[in-house]
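Number of protein chains: 2
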Amino acid sequence: MEPLFFTLNIIVPIIAVISIIVGILLIFKIKQMEEGSDEMKKIAKAIREGANAYLKREYFYMLIISIVLAVVFYFTLDFIFYGGIPFTLISFVLGCGDSILCGYIGMYIATQANIRTAYATKGGIGEGLKSAFNGGAALGSFMMGIILLSIFGLFNIYSFIGYTDPIYLTGFGFGGSLVCIFSRVGGGIYTKSADIGADLVGKVEKGIPEDDPRNPGVIADNVGDNVGDCVGMSADLFESLSITLVVSMIISFEPEINLGLNGLYFAILVVCAGIISFIVAIFITNKISAGNNPIKALNRGLLISGIISIVLFGAFAALMLFNQGAYTGGMWHFNLPIWVGVLLSAIMGLIVAIIIAYNTQIFTSGNHKYAREIAKAGETGPATNILKGYSIGLKSIAIPGVMVAITIIFAYEFAGIYGIALSSLGLLSMTGMIQSIDTFGAISDNAGGIAEMSGQDELRKNTDVLDEAGNTTAASAKGFAIISSGLVALATVGAVIDETNITNFVNIALNSPLIIAGLFIGAIIPFLFSSLLIGAVENTAFKMINEIRRQFKEIDGLMEGKSKPDYAKCVDIATKGALKNLIIPGIMGIIVSIAVGFILGKYALIACLFGNIVVGLLMAIFLANAGGAWDNAKKWIEKGNLGGKGSPAHKAAVIGDTIGDPFKDTAGPSINSLIKVMNMISLLIAPILAVIFL
Amino acid sequence: MEPLFFTLNIIVPIIAVISIIVGILLIFKIKQMEEGSDEMKKIAKAIREGANAYLKREYFYMLIISIVLAVVFYFTLDFIFYGGIPFTLISFVLGCGDSILCGYIGMYIATQANIRTAYATKGGIGEGLKSAFNGGAALGSFMMGIILLSIFGLFNIYSFIGYTDPIYLTGFGFGGSLVCIFSRVGGGIYTKSADIGADLVGKVEKGIPEDDPRNPGVIADNVGDNVGDCVGMSADLFESLSITLVVSMIISFEPEINLGLNGLYFAILVVCAGIISFIVAIFITNKISAGNNPIKALNRGLLISGIISIVLFGAFAALMLFNQGAYTGGMWHFNLPIWVGVLLSAIMGLIVAIIIAYNTQIFTSGNHKYAREIAKAGETGPATNILKGYSIGLKSIAIPGVMVAITIIFAYEFAGIYGIALSSLGLLSMTGMIQSIDTFGAISDNAGGIAEMSGQDELRKNTDVLDEAGNTTAASAKGFAIISSGLVALATVGAVIDETNITNFVNIALNSPLIIAGLFIGAIIPFLFSSLLIGAVENTAFKMINEIRRQFKEIDGLMEGKSKPDYAKCVDIATKGALKNLIIPGIMGIIVSIAVGFILGKYALIACLFGNIVVGLLMAIFLANAGGAWDNAKKWIEKGNLGGKGSPAHKAAVIGDTIGDPFKDTAGPSINSLIKVMNMISLLIAPILAVIFL
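Here the protein sequences come in this chain order: A and B.
Okay, so the first sequence: first residue is 1 according to the numbering used here, each after it adds one.
Okay, so the second sequence: first residue is 1 according to the numbering used here, each after it adds one.
You may find that some hints are simply not true.
Note that identical chains are pooled: a pair holds if it fits in a single copy or bridges any two copies.
Below, simulated EDC-like cross-link-like pairs (lysine to aspartate or glutamate); rule was C-alpha separation at most 16 Å, straight line [what the hints assert, rightly or not]:
(1) Lys564 to Glu39
(2) Lys543 to Glu379
(3) Lys543 to Glu373
Hints in this document: simulated from the structure, not taken from any laboratory.
Owing to the predicted nature of the structure, the values given are computational and were not obtained by experimental measurement.
From just these sequences and the hints, can you work out the full model?
So this is what it looks like as structure tokens:
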């Protein structure tokens, strides 16, 4: 082994372990903080228990499905193709296990940090900021470390016994995907059915504020924030980073680019760069106070992390790829040195992510014209509000869609499919920071809930500032997640094409009816999948609304605050609704990919993946932005515009916001995961398809 | 010239002329009927004038755009490529002119038949049925004749001067496309903004019935039915039949199938078969009374027309293609005789159209569970009603999508791209009947409006029966229009591939970044296009609502029926709203196709067309079905279910229905036309792209 690789084999695990340790230290740091009053503790405990109970049952379902799949994979892939060595089995189980562990830690830290954040705001917004930020940072740091350690470890173990092909790691990515789709779907249904139920009866019908302890659905709503936003996003980032890393490693060996171990180790180093920059960003965000402006603090963290990442990215590219010559493919034959090509691709990915995040801002923020137009359209009733929001959501996909098209074209010119993969990996090297600013939102939201429910109005004011900042940063985080999913999905199909041994590209040409049929089938999936999720939310919310209405009617003295509502009943409805509707959307993409692959063949499967990516990506952006715009239109009115709360425009906006809830927090993010899970199962079965379809 | 062709050159024009004469005779027949009371005449006149005024202005806009395009086409295509002979210019102008003529006649006949139908129901439902049916049949018969005569005439004239390539006819199809997209967009915006405005203020806020003469928006609403449903559908069918015929003729000369004049004349004969079967169906529908069951009568007409069409289709296929050998392409090499192959393709198209129509019924009709589920979901408010409808609409695309995929695969196996084209042409041979059952709905709707506005409650009862039948048959007609658009669009891309001289199919393989980018761009268009249309309806409806509210507030004695509303003001708002928002969506598809073709090249353009077809088709079906389901959910409640009119479920359903209005009657049908216009402009510029991109 070359001395360089030997050195890296020592340094990389050290960085991974440091990242894990930083995560654990941050957990301890949070645990040491004060929790606040007994009332607050009681509420926090109820949220924690609800989240725990739900997650246990969700993970139990996953466990069963994972075991079934693991057995199937072992006997189909490992036994027949990989000489009986359980490559897929081990990779897959580790991928699932790691992701579940991260999700669980995420839930744990979020439900510990929420109450402490609420209490910390006693000492000012800055203190609360640190607490909420560190909660997310703990998870982000732990997650990056564990992913790096696992993938790098597996690769080295497999190499040690003589198997250096990174295709054996696909199972790890698929494990992450499987956990993610179940987390996204289940968490999404849970959080939004609880949210809609609590809002429509509590806020609209009864006129009591958000998070009011008299509302029977309020604990379920707060549990939902944890199992939905927090665990869902953690599973999503786990999935994205894992599969982008694995796919980048696989593509490094593709004949077209043929970078071998240099490309593979470079991908590993990109993640290391991300860890280093993130640890610096954590330190700075904690040390330098941002006063009362949490967004500024978080954006600074993001900026620092981004700059250090990119600089290290360039340095490592020069280190690993300087001697790898130039990439001579593409249409225009730029013939750039490969290390320059990947650097340009990564910078391009970053710029596009920023443009897309900015696009999201323009289309959804209450400070821009669109959300205000939606609010105004509600003056003639809910129908015009909804039509306006729908129309604006549809429009919002144009720039992101064109940007993805441009990125694909240029990243490919710079460094082929490897360029596309690295443009995504460059973005995802910032996983830690993205996780932090996203979890920050969920923790602040919960902190506000605890403050409100325990009657601490003074704390509530400060948590509201954090919450608002959290909403903005979470929207940026979503933008990053969507664009990176799109890019890595496209890179993955490149790997699938290679691994299914497609060499005659005439077979995947658009003039073949099988390819057209594949495109249609792939395009149908996001429609059907969204239908199931939105339907499930509606269904569960319907039950929730009736239950909350029933409690307000039947429990004497509830409105007067003299008696307690039955929170557990609502938690139970959300839990059951989520679990009941989890399985079909969770396995749908997997079943369709396998069916298309084996029935219509590998060429149709490639087309199916493309149809799915194109439609899924645009639909996910539409759903996210329409939902965000409706939400902010309502908030803008609540600030006193157009007559403020209770005005006709506000009543319309509440309905629009409710429509948007499952769009932006259930269907939208889940489609992200759907795209990836379909790609990963296809990559997993690619070696089989390569043999049975010539 | 062979004797067969010589004979056909005499027979075909005769059939075409007979078809035109039948149409004209039917118009006279309707004109001879009695008009009814003076009050009715006054209302009918107001509707007619409003429709006339709008159409004149819409056609003026089209005229300007057509002149510009005609000049551009002449100098780019005819002058450079076709030796200065104005093939494109003449074809295009004739296509535009014919379509405008048909649209105008459609509007004329509809606004003549509406009042007569209302009055005819005095003599029973059967009399009204005949009148409304004959109105549509007049248009259908005239249209089929004029299309056949024009295309066949042009072909023969061009042949006579030595140019037999049917590519010179593309301009005719594009002319039809251009008129169609403007008619669909403008008419769709007009009809729905008027409808929403009249309904939300009149029915919801003021509690007065549909078509109540006190409602200031009621004339605009009735004008909308004519310029939207009637003229829009006529332009749509004109477009579909024209381009399917032209494309079938072009494909007949493709090297893959190489049927030459035999294939070309066969396509012509399929339309003749359609005319013959339609004339028989008109006769039978008029002679044999169906008593009080209009649906039965119309379905019988459809059935008769379908059976005769298919039998003649088979006979003509045997006549023209018996000696053309077998189609040996495809994956499975069925090696069927070509005449059997096209017959199977056409039967397949028909079966799929029936399945899709049935799917529409299941997902939208109030007699099936889905619409009722939507109604029930409204018991907890508008948000749940809308989410449920949205979810059901998304689900409804699965079967149609899969059916299109299956049809493509099999029609291709049976007879290559020619099979796909003929599967669509087989369907469209029933254009006359489809037009009749669709226009029937618009006329009945208007008849009801006139009866109501003139206070003839007795007539209203009968027209309501006709109206309900019209809603059902119009939904089937829409199903036919959508599926035939999808099939012909795919066949057209086949022609574009051929005419751009793409022979190395590696260049349109899915592993190329340009192809992926093309798919994305094509997929973006239906999103953006729908956004513009839904936004335009919302915007115009917003103004309409405020105007109607103003009139109710400011005009003394309006609610008491003592003074008249200012109908003209509302007609003006709808007219301006439609015209203002017409241009951009009307030319968007054309501009994008040209831009992609010339900037990214012909390969990316092919991908763009596919992305557009796949997404557009599924989105159009979603929009149509979601809208239909919301509509029928409301109607089901209005029949007395779930508390009937005025119940919370009904209030929610009214909002759902309003959301669905621009979905099903503006954006959905317009996307249909968008798909076709993009394909036709691409086919038109194909010879240029063939030269500049090698």
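Hints, one by one, checked against the model:
Only within a single protomer do Lys564 and Glu39 lie at most 16 Å apart by alpha-carbon distance; the minimum there is 14 Å, versus 65 Å between protomers. Taking the closest pair of Cα atoms, Lys543 and Glu379 come within 16 Å of each other only across two copies (11 Å); inside a single copy the shortest separation is 30 Å, beyond that limit. When the C-alpha separation of Lys543 and Glu373 is checked against a cutoff of 16 Å, the pair qualifies only between copies, where the shortest distance is 14 Å, while the shortest distance within a copy is 33 Å.
No hint from the list above goes unmet by this structure.
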